[in-house]
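Number of protein chains: 2
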Amino acid sequence: MDYYGSQLTRLIEQLSSLPGIGGKTAQRLAFHIVNMPKERVKQLSDAITDAREHICYCKNCFTLTDQEICPICSNPDRDRKTIMVVENSRDLAAYEKTGKYRGVYHVLQGAISPMLGIGPGDIKLKELMQRLQEDVNEVIIATGSSLEGETTAMYISKLIKPTGIRVTRIASGVPVGGDLEYIDEVTLLRALDGRVEL
Amino acid sequence: MDYYGSQLTRLIEQLSSLPGIGGKTAQRLAFHIVNMPKERVKQLSDAITDAREHICYCKNCFTLTDQEICPICSNPDRDRKTIMVVENSRDLAAYEKTGKYRGVYHVLQGAISPMLGIGPGDIKLKELMQRLQEDVNEVIIATGSSLEGETTAMYISKLIKPTGIRVTRIASGVPVGGDLEYIDEVTLLRALDGRVEL
Chain H
1 MDYYGSQLTR LIEQLSSLPG IGGKTAQRLA FHIVNMPKER VKQLSDAITD AREHICYCKN
61 CFTLTDQEIC PICSNPDRDR KTIMVVENSR DLAAYEKTGK YRGVYHVLQG AISPMLGIGP
121 GDIKLKELMQ RLQEDVNEVI IATGSSLEGE TTAMYISKLI KPTGIRVTRI ASGVPVGGDL
181 EYIDEVTLLR ALDGRVEL
Chain P
1 MDYYGSQLTR LIEQLSSLPG IGGKTAQRLA FHIVNMPKER VKQLSDAITD AREHICYCKN
61 CFTLTDQEIC PICSNPDRDR KTIMVVENSR DLAAYEKTGK YRGVYHVLQG AISPMLGIGP
121 GDIKLKELMQ RLQEDVNEVI IATGSSLEGE TTAMYISKLI KPTGIRVTRI ASGVPVGGDL
181 EYIDEVTLLR ALDGRVEL
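Protein chains in written order, with this note's numbering: chain H, 1 to 198; chain P, 1 to 198.
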C-alpha cells in the first residue's frame, strides 16, 4: 500500500502500532504531522525521545517520573503521614486531578492476579511495608474495584493490620450523576451495604 | 498538573495537541511510549521527523509524497489517459485501497468554498488543465458529496467540457450494506434519480 512514498507510509505504520490508534486515525495524524511547522514536529519528536530517555520510578513512591524523587514526594506541603496506595501512575493522576488529596502516594505498579501469575512479590508491596516503618497515620487503599484490585486491597489490609496503622479503603458505590438503571447489580448492592446516615 | 515530572508532562501536552487526541488518550499513549523499548521509541520519533523533513507534493499529481514524482505517477502500469480528480491525498488512498482503479490521480489539495474564501485559484486546478494538454481520454471527478465537493465538481466539468475530453462523476447513492432507514433524504433521492436497468 505504498501510494504515499516510503517515509509517509513508515510514519503511518509507526503511529498505528500505538494502542487505540487504528489505520484511519494513524493516517489522519500522519497528514496532520507533515503539515505542521517543522519546529513543532521537532518538539513532538524530542518530547517522545526525552520522556523515554529520562523516565524512571520515584525512589520513594514508585510512580513514573523523570526525577529521582517525584514532584509529589518532594513537595514539603504534602502530608507524609497519609499514604494512598494505587495500582499505577494513571490512577495517581486521577486523584491528583481532584486537587483535594493532600497526602502522598504509593504506586504498586500492578495488582495481585493469580490468573496472570502476578503474586505479591511482583508488585511494590515490600517497598510499601518499608515505608510504614516511618511515622504513618493512615494507609488509604485505592486499588481498582476489579477482582485483582479487591484481592490486592484485602491482601494489603491483612499485612498492615498487625502494625496498628489505620487502613481504609475508598468507598465503592453509585458514581455521581450515574443513572441507577445503567449500573450493575454488584455496584448497586455495594452502594446499599455502604449507605450512610443523613 | 505537574505530578509526573516535566518530561512526561511535556510529552502528554505535545500528544494532546494532535487532532482527535484528548487528555486521557494522550496520557495513555505517553505511558505506552515510556514503556516501549528504546529502539522502538527512536523509530517512532525518527519516522515523525523524517516524514516531515522529506514531504512534498508530487510534481505531476500534487499528492503528498516524499519523492519528486509519486509512486503512482511513476508506475508504468498505470493508465495515464484516465485521471481521477480528488480533493486530498486521503481520498486518493481510499480509492487505492479498492485495488481496482488503474488510472492516475490529480489531487486538488482542497475544494472550492466561497464560505471559507477558497476560490478556483486556491486549488490545483490550473495544474489539472495543464495536464489535459496531453493525451487524456477521461477525467473522473471524485470530489466529496459535500456542498464544496459538488461545487468543485460542477466548476471543473464546465471547464473541461469545451475541450471535448470525457468528464464523469462518481455515482452517489445508497452505500453498500446501508440500511435505508438510516440514510438521509437527499441521498435517497439521488439513489432514485440514478437508478439503473437490471
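Since the hints were derived computationally from the structure, they do not count as laboratory data. Check the hints yourself; a few may be wrong.
Identical copies carry no separate label here, and so any pair may be met within one copy or between two of them.
As the list claims (entries may be wrong) - Derived lysine-lysine pairs resembling DSS-like cross-links, with alpha carbons at most 27 Å apart:
#	residue 1	residue 2
1	LYS24	LYS161
2	LYS126	LYS59
3	LYS158	LYS42
4	LYS38	LYS158
5	LYS42	LYS100
6	LYS97	LYS124
7	LYS24	LYS100
8	LYS24	LYS124
9	LYS81	LYS161
10	LYS126	LYS42
11	LYS42	LYS161
If any of the earlier hints don't hold here, list their numbers in rising order.
1, 3, 4, 5, 10 and 11
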